[in-house]
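With the sequences and hints as input, model every part of the structure.
Protein chains: 2
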Amino acid sequence: MPKVHNFSAGPGILPQEAIDNSIAALQNFAGTNLSLIEVSHRGKEFEAVLDEAVATVKELFNVPEGYSVLFLQGGASMQFCMIPYNLLDEGQTAAYVNTGVWAKKAIKEAKLFGNVNVIASSEDQNFNYIPKGWSVPSDAAYLHITSNNTIYGTQYQELPSANIPVICDMSSDIFSRPVDVSKFDMIYAGAQKNMGPAGVTLVIVKDSILGKVKRAIPSMLDYRIHIEGGSMYNTPPVFPIYVSLQTLKWVKSNGGVVAMQKRNQEKADLLYGEIDRNPLFKGTAATEDRSVMNVTFVLNDDSLNDEFMALAKQRNLSGLKGHRSVGGFRASIYNALSIESVQALVDAMQEFERMKSGAQA
Amino acid sequence: MPKVHNFSAGPGILPQEAIDNSIAALQNFAGTNLSLIEVSHRGKEFEAVLDEAVATVKELFNVPEGYSVLFLQGGASMQFCMIPYNLLDEGQTAAYVNTGVWAKKAIKEAKLFGNVNVIASSEDQNFNYIPKGWSVPSDAAYLHITSNNTIYGTQYQELPSANIPVICDMSSDIFSRPVDVSKFDMIYAGAQKNMGPAGVTLVIVKDSILGKVKRAIPSMLDYRIHIEGGSMYNTPPVFPIYVSLQTLKWVKSNGGVVAMQKRNQEKADLLYGEIDRNPLFKGTAATEDRSVMNVTFVLNDDSLNDEFMALAKQRNLSGLKGHRSVGGFRASIYNALSIESVQALVDAMQEFERMKSGAQA
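Going down the list, the sequences are from chains A and B. In short: position in the first sequence from 1, add 218, done, that's the numbering used here. In short: position in the second sequence from 1, add 218, done, that's the numbering used here.
Don't take every hint at face value.
Where chains are identical, the list cannot tell them apart; a pair therefore holds if satisfied intra-copy or between any two copies.
Claimed, not checked - Here are the simulated DSS-like cross-link-like pairs (lysine-lysine), alpha carbons at most 30 angstroms apart as the crow flies:
(1) K326 / K430
(2) K262 / K221
(3) K432 / K470
(4) K480 / K500
(5) K430 / K480
(6) K432 / K262
(7) K326 / K480
(8) K323 / K574
(9) K432 / K329
(10) K430 / K276
(11) K276 / K500
(12) K276 / K424
(13) K531 / K329
FYI, nobody ran anything at the bench for these hints, they're computed from the structure.
Laid out in structure tokens, this is it:
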């Protein structure tokens, strides 16, 4: 089959090795002669998978003592609700930084539980930058930020810290770079961008922040229940966890998050370099806030969009259409995407430049 | 590889055809030359999968107009919380029938939202029967029942109806027999027993019962939001939905729920027949309430348990250990299990009888 260069924003590209290992487990899981998806999650074979997944997260991110690693269902969207349910008492205020649609959704849910102080926002410029120079109210219950904004191609180059609990949605850049987990009280990520397939959500939570709100929390929404059950309070999403483990193992065997960061920076430099050089294109995100995961760019003449997309398709470049709220193009260059795929996109951009200058000549 | 007879209670056996088709989609999904788990859920290929899954549920169960079919995350356990969140206002009372651990968990969550009237229970005899002769208070917000009780091997032979909204947890017998959906206001099922792999939950809900409670509902817990989003309010669990569709198509191509019921009854008759005939064994559930999905039985002399389990293992009979609260053995004989596998278990029980009578002779 022809090689397809997969720039999908999410669910996104996974390491071929992770997919192949997962297929093997569907054929015969851990020597059981049964498929991974038709055995008990309480069997020793799957318990070993879950244990290894937790251990690999802890190893990749140097998770300190006192934190729990959970694999839950519902995506980041469920976390938008669980976070205030567990951490924001009625009458308390939480501080949120609004850097896009996903941050806004998190804000909306938090308002059902307490007060929300949006301490900074980049909505005035369609979220094409990361707000700076804001300060964190010391009496807020927590600060919530979104490390990378998939739609707009912005990313905190340096993650902020604060003297109150800091919670970070890392759905679209988890394991793309080293993170000092000790500076966060909670990190979470829907898996389907940089960590695995859709259907599982990683939560890394500092145990000591839990159990402080007065309200009763439904069992499935209570982090303490999931910690106590070791992510097995009820049947976990077996296959998504298995694929995530294969992806985490691939990260580890390819040098961990330090190597991922280097590799991602090389890919980003190559692509942003072409965007800045090629007179037909321009980037949409503020230069200093450019994401190394999602590269957003447009044609200066957007009447050429269809023509460039046709060329991309012809060259097996897939998933490049920009989000409707930004337009143009978005190349998601997650961990598993090779630099060869980025080069193929750069080649197409250069070919397009030649086609257009030829047409003008 | 040797044939393994898979009696796992859940996640349970799936049709080999469904597994094979799912592996094919992981290799190359719908001609995209990409894996099913690394493409956008908003692409036309996956939207077609979701549409077909909804249509197949409607077809298999003759779902009337006015009902929505949803594929959600979180398992039945999340439904235990979502149901009262959406349907039980503060001060209102809901009626629950307590037929086991899962019903109890549903009751526990409902109590966080309103009053619960447990109108019948079989807890007095470790849930080994289905309570009968109960009446439904006409002023209750809804009646909640559990159609099949996996742990205890009990099942409503005839599903009750009522003049108030009826909600049924069918996690362990969905699509095992025809159901008159019009008699229910909501049916739900965690997929991982009779419908698919872990990680997706089917909800069939009558639209007109929604939107009546006064409380604010977080987006991810609000059925109306999921209906409006067509199960795509956020990224759905792509792979679990795909496998579920393959399983539903297998049910359809094998005669639908009418044929499943006939086939399941034949398997159950064969196995219960042996349990009743074989002097070493006895069933644990009340005869009139025996489940055709989960067959629970014990050895009269439970000091022989390990020996029978060793014979079962030698004959590649897998997943037969009973739940700790019942003990003995449990054969889960879901739709996908063949009568040949049941026969293999019956053969082992007869062989065990010969071994024991030989030992005594």
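Each hint, compared with the structure:
In this assembly of identical chains, K326 and K430 lie within 30 angstroms of each other by CA distance both inside one copy and across copies; the values are 22 angstroms within and 21 angstroms between. Taking CA atoms no more than 30 angstroms apart as the test, K262 paired with K221 passes between copies only; the shortest distance there is 20 angstroms, against 38 angstroms inside one copy. When the C-alpha separation of K432 and K470 is checked against a cutoff of 30 angstroms, the pair qualifies neither within a copy, at 41 angstroms, nor between copies, at 49 angstroms. In the homo-oligomer, the alpha carbons of K480 and K500 lie at most 30 angstroms apart inside one protomer (24 angstroms), although the nearest pairing across protomers, at 65 angstroms, exceeds that limit.
In the homo-oligomer, the alpha carbons of K430 and K480 never lie at most 30 angstroms apart, since the shortest distance is 40 angstroms inside one protomer and 54 angstroms across protomers. Taking the shortest alpha-carbon separations for K432 and K262, neither the intra-copy value of 37 angstroms nor the inter-copy value of 45 angstroms comes in at or below 30 angstroms. Neither within a single protomer nor between protomers do K326 and K480 lie at most 30 angstroms apart by alpha-carbon distance, with minima of 36 angstroms and 50 angstroms respectively. Taking the shortest Cα distances, K323 and K574 never come within 30 angstroms of each other, neither inside one copy (41 angstroms) nor across copies (65 angstroms).
In this assembly of identical chains, the alpha carbons of K432 and K329 lie at most 30 angstroms apart whether taken from the same copy (17 angstroms) or from different copies (17 angstroms). Taking CA atoms no more than 30 angstroms apart as the test, K430 paired with K276 passes inside one copy only; the shortest distance there is 25 angstroms, against 45 angstroms between copies. For the identical chains of this complex, K276 and K500 are neighbours neither inside a copy (39 angstroms) nor across copies (48 angstroms), given an alpha-carbon limit of 30 angstroms. In this assembly of identical chains, the alpha carbons of K276 and K424 lie at most 30 angstroms apart only when taken from the same copy (13 angstroms versus 44 angstroms across copies).
Taking the shortest Cα distances, K531 and K329 never come within 30 angstroms of each other, neither inside one copy (43 angstroms) nor across copies (55 angstroms).
Violated hints for the displayed structure, listed by number in ascending order: 3, 5, 6, 7, 8, 11, 13.
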